[in-house]
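**Q** Sequences listed follow chains A and B, in order. Position 36, counted from 1, in the first sequence is what the working numbering calls 36; the numbers after and before it change by one each time, with no gaps. Position 404, counted from 1, in the second sequence is what the working numbering calls 490; the numbers after and before it change by one each time, with no gaps.
Hints were generated in silico from the structure; no laboratory data involved. Predicted, not measured: the structure shown is a model, and the values here were computed from it. Keep in mind that the hints are not guaranteed to be accurate.
[Said to hold, decoys possible] Cut-off 30 angstroms, straight-line C-alpha distance, at most; resulting in silico cross-link-like pairs (BS3-like, lysine-lysine):
id	chain 1	residue 1	chain 2	residue 2
1	B	Lys346	B	Lys179
2	B	Lys161	B	Lys132
3	B	Lys281	B	Lys240
4	B	Lys497	B	Lys346
5	B	Lys320	B	Lys351
6	B	Lys132	B	Lys445
7	A	Lys81	B	Lys557
8	B	Lys240	B	Lys161
9	B	Lys161	B	Lys459
10	B	Lys459	B	Lys141
11	B	Lys383	B	Lys132
12	B	Lys96	A	Lys85
13	A	Lys85	A	Lys27
14	B	Lys240	A	Lys27
15	A	Lys27	B	Lys459
16	B	Lys346	B	Lys215
17	B	Lys445	B	Lys351
18	A	Lys85	A	Lys52
19	B	Lys96	A	Lys52
20	B	Lys215	A	Lys27
21	A	Lys52	B	Lys383
22	A	Lys81	A	Lys52
23	A	Lys52	B	Lys215
24	B	Lys320	B	Lys281
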Amino acid sequence: MTPAEIRNEILDILEDIAPDEDLSGLKDEVAFRDQLELDSMDFLDIVMELRKRHRVQIPEESYGELASMQSTVTYLEPLMKDLQKA
Amino acid sequence: MPRDFLEGAKDEYDVVVIGSGLGGLTTANVLGRAGYSVLLLEQHYKLGGMATWFKRPTGHIFDISLHGFPAGMIKSCRRYWTREIADSIVQIKNIRFDNPMFSLTTTYNRDDFTRLLTESFGIAPEAIKSFFETARGMNFYDDQSTTTGELFEKFFPGREDVVRLLMEPIVYANGSTLEDPAITYGIVFSNFMSKGVFTFQGGTDRLIGLMQEELINNEIDIRIRCHVDRIHVKNDSVAAVEVNGRTIRTRAVVSNANLKTTILKMVGEEHFDQSFVDAVQETRLNNSSTQVYMALKPNERIDESTGDLLFSSTAREFRTDLLLSRDISSRTYSFYYPNTRPNERPRCLVVSSTNANYKDWSGLSPEEYEASKQDLIETTLDAIEKYVPNMRERVSHVEASTPITFEHYTKHVAGASFGTKFEGLAVSRDLPEQVAGLYHAGSVGIIMSGWLGAINYGVIVANAVDGMLMKSAELPNPIAKESISNS
Ligand SMILES: Cc1cc2nc3c(=O)[nH]c(=O)nc-3n(C[C@H](O)[C@H](O)[C@H](O)COP(=O)(O)OP(=O)(O)OC[C@H]3O[C@@H](n4cnc5c(N)ncnc54)[C@H](O)[C@@H]3O)c2cc1C
């Protein structure tokens with residue numbers, strides 16, 4: 001998957017997790033928590049969804065990498081670059 | 087021949103969950119939904135653990151632990167359970183305090199507390215704001231050296247009345263004290279303050295019934311009256327559980343039973359490092375409870391202005407140890423009106439709860455125990471007179487439970503109502519590093535307790551189990567591994 005495809009995938013997951021949020025104006029470099037009402041259970045849901053959809057394993061020490069869209073895509077790129085877009 | 091409660095159970099499952107408290111139920115559901123074969127074993131004849139109820143022939147149904155939980159339950163139930171469960175969660179708005187320092191009514195959320203603290207307690211708005219922000223910013227892995235008492239001293243020095251308002255309900259919600267780490271207070275308090283206090287319409291029986299339906303949808307094998315005696319460990323990994331005389335193999339065990347019992351009795355010290363065993367021994371249990379259940383005669387009604395939850399105390403000062411004393415001065419009353427269970431016969435009920443020490447109730451002779459219980463009932467009926475006049479004439483039935491009752495039904499050591507003190511969380515989380523495939527999900531560490539805490543911790547643990555099972559499935563199978571090492 002390309003970085004753009006990974007970004008779309010994260011957006012898709014966020015739409016499920018936070019159905020009431022407007023994601024159209026999301027700023028990639030700003031922390032999710034400063035723009036959306038996300039708590040630690042929401043981040044856990046992102047981790048679980050990525051494992052379910054793509055078998056990507058994110059160890060707990062690395063949950064901090066999911067702080068913003070930019071850091072998430074940077075972190076996931078090496079883990080997901082060999083995956084085919086579904 | 088006694089009935090075989092394991093009739094038809096398989097010899098092996100991906101996951102065995104021991105205990106059907108809200109933590110165990112949620113772990114089982116999340117893993118079952120993910121496609122694993124899950125066996126859920128409960129020693130009691132009912133599912134739910136502390137989330138339980140009992141019925142009396144007069145049409146009264148008493149809830150044990152349905153006094154209130156934070157709004158976060160709605161989201162958690164929607165995601166990890168069903169829309170129908172989430173949609174049955176409703177706010178209770180009439181929360182009262184009555185003690186020698188103040189009497190007030192509140193919706194128990196940030197806006198209303200800000201109003202009260204400013205108008206009635208004369209606190210500067212900036213101090214209130216920064217207190218709320220500090221509490222809201224707390225994470226469970228943050229600094230643990232600050233105590234709750236120090237936190238209050240920093241923001242509201244010398245204001246025992248403010249401390250009482252901010253702390254008393256949380257002591258009831260999770261047994262924490264002024265000496266516990268501030269994060270155990272801040273996280274739970276902020277959860278409530280975000281939107282207020284909520285309850286489940288239809289009662290605990292309906293909730294557990296709906297959960298059971300969902301577990302069946304997700305093909306979880308549910309077995310009641312199945313007490314797990316041992317967890318077998320082979321080569322530092324879980325291998326099987328021993329239950330009702332059968333040995334059932336599994337790749338992962340999630341225990342929702344008491345943390346200390348799980349480690350010291352079901353698995354056994356010999357399977358853990360000495361330093362870990364020391365940490366388990368040193369883990370303090372949280373307090374227990376007593377409750378008095380009062381059923382009003384079928385046609386008697388309590389006016390709803392009496393409140394939903396009432397934190398009452400006759401103690402002049404606020405000390406968390408006074409809240410545990412057998413010489414009871416503080417009681418939390420939960421009032422249940424007919425709309426608690428709109429589909430049942432209309433009834434009014436009151437449950438009075440008090441935090442309690444196990445040792446005040448254990449070691450009594452049967453006569454002393456009965457007398458102490460009767461005294462608990464009589465003093466409670468006297469105390470509630472102030473809020474519900476002529477209570478004695480209006481009740482048709484009154485009974486009580488004690489730490490011994492809680493111990494009996496849930497097997498929690500010393501009848502602990504809210505798991506362990508904070509240090510138990512690290513013990514619980516480190517289990518799989520000691521024995522591969524061994525997990526604990528249940529009220530622990532103060533913050534992972536209560537209905538919401540137990541459910542969310544159940545999800546956190548299910549996530550860890552899923553990760554482990556997926557990883558072990560990716561490893562080359564043992565035969566392949568052997569041929570590699572032989573070559
Ligand atoms: C009086 C009281 C009032 C409360 N009020 C509230 C409230 O208003 N709001 C709130 O959010 N929380 C409240 N709580 C706390 C809340 O009920 C608990 O924190 C929560 O329900 C605990 O869930 P758990 O998953 O830890 O499991 P538990 O409920 O502790 O269940 C553990 C289960 O494991 C089973 N078990 C144990 N050993 C074995 C074995 N060897 N084999 C098989 N099964 C076994 C037990 O039978 C039990 O079913 C209250 C608690 C009490 C006691």
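**Q** Evaluate each hint against the coordinates.
**A** Here is what the structure says about each hint:
Annotation: proposed proximity of lysine 346 of chain B to lysine 179 of chain B is violated, straight-line Cα distance about 38 angstroms (limit 30 angstroms). Restraint check: the Cα-Cα separation between lysine 161 of chain B and lysine 132 of chain B comes to about 26 angstroms, which is no more than 30 angstroms; the hinted pair holds. A distance of roughly 25 angstroms separates the Cα atoms of lysine 281 of chain B and lysine 240 of chain B; the hinted pair therefore holds under the 30 angstroms criterion. Our distance criterion of 30 angstroms between C-alpha atoms is met by lysine 497 of chain B and lysine 346 of chain B, whose separation comes to about 11 angstroms.
The straight-line distance between the Cα atoms of lysine 320 of chain B and lysine 351 of chain B is roughly 16 angstroms, inside the 30 angstroms bound, and the hint therefore holds. For the hint linking lysine 132 of chain B to lysine 445 of chain B, the alpha-carbon distance of about 27 angstroms falls within 30 angstroms, and the restraint holds. The suggested pairing of lysine 81 of chain A with lysine 557 of chain B holds, with an alpha-carbon distance near 19 angstroms, which does not exceed 30 angstroms. For the given pair, lysine 240 of chain B sits about 33 angstroms from lysine 161 of chain B by alpha-carbon distance, which is inconsistent with the 30 angstroms threshold.
The straight-line distance between the Cα atoms of lysine 161 of chain B and lysine 459 of chain B is roughly 39 angstroms, outside the 30 angstroms bound, and the hint therefore fails. About 20 angstroms separates the Cα atoms of lysine 459 of chain B and lysine 141 of chain B, which keeps this hinted pair within 30 angstroms; it holds. About 27 angstroms separates the Cα atoms of lysine 383 of chain B and lysine 132 of chain B, which keeps this hinted pair within 30 angstroms; it holds. In summary, the hint linking lysine 96 of chain B to lysine 85 of chain A is not supported, as the alpha carbons are separated by about 38 angstroms, beyond the 30 angstroms threshold.
A hinted pair counts as satisfied when its Cα atoms are at most 30 angstroms apart, and lysine 85 of chain A with lysine 27 of chain A qualifies at roughly 24 angstroms. A threshold of 30 angstroms between alpha carbons decides the hint, and for lysine 240 of chain B with lysine 27 of chain A the separation of about 36 angstroms lies outside it, so the pair is violated. The hinted pair formed by lysine 27 of chain A and lysine 459 of chain B fails the criterion: a straight-line CA distance of about 61 angstroms is larger than 30 angstroms. Distance restraint check for lysine 346 of chain B and lysine 215 of chain B: the Cα-Cα separation of roughly 40 angstroms exceeds the 30 angstroms cut-off, and the hinted pair is therefore not satisfied.
Under the criterion of a C-alpha separation no larger than 30 angstroms, the hint pairing lysine 445 of chain B with lysine 351 of chain B is consistent with the structure, at around 22 angstroms. For the given pair, lysine 85 of chain A sits about 14 angstroms from lysine 52 of chain A by alpha-carbon distance, which is consistent with the 30 angstroms threshold. A distance of roughly 26 angstroms separates the Cα atoms of lysine 96 of chain B and lysine 52 of chain A; the hinted pair therefore holds under the 30 angstroms criterion. With a CA separation close to 27 angstroms, the supplied pair lysine 215 of chain B and lysine 27 of chain A stays within the 30 angstroms bound.
The hinted pair formed by lysine 52 of chain A and lysine 383 of chain B fails the criterion: a straight-line CA distance of about 53 angstroms is larger than 30 angstroms. A threshold of 30 angstroms between alpha carbons decides the hint, and for lysine 81 of chain A with lysine 52 of chain A the separation of about 17 angstroms falls inside it, so the pair holds. Proximity of lysine 52 of chain A to lysine 215 of chain B is assessed by CA-CA distance (about 41 angstroms); at most 30 angstroms being required, the pair is judged violated. Restraint check: the Cα-Cα separation between lysine 320 of chain B and lysine 281 of chain B comes to about 48 angstroms, which exceeds 30 angstroms; the hinted pair is violated.
Hint compliance for this structure: hints 1, 8, 9, 12, 14, 15, 16, 21, 23 and 24 are broken, all remaining hints hold.
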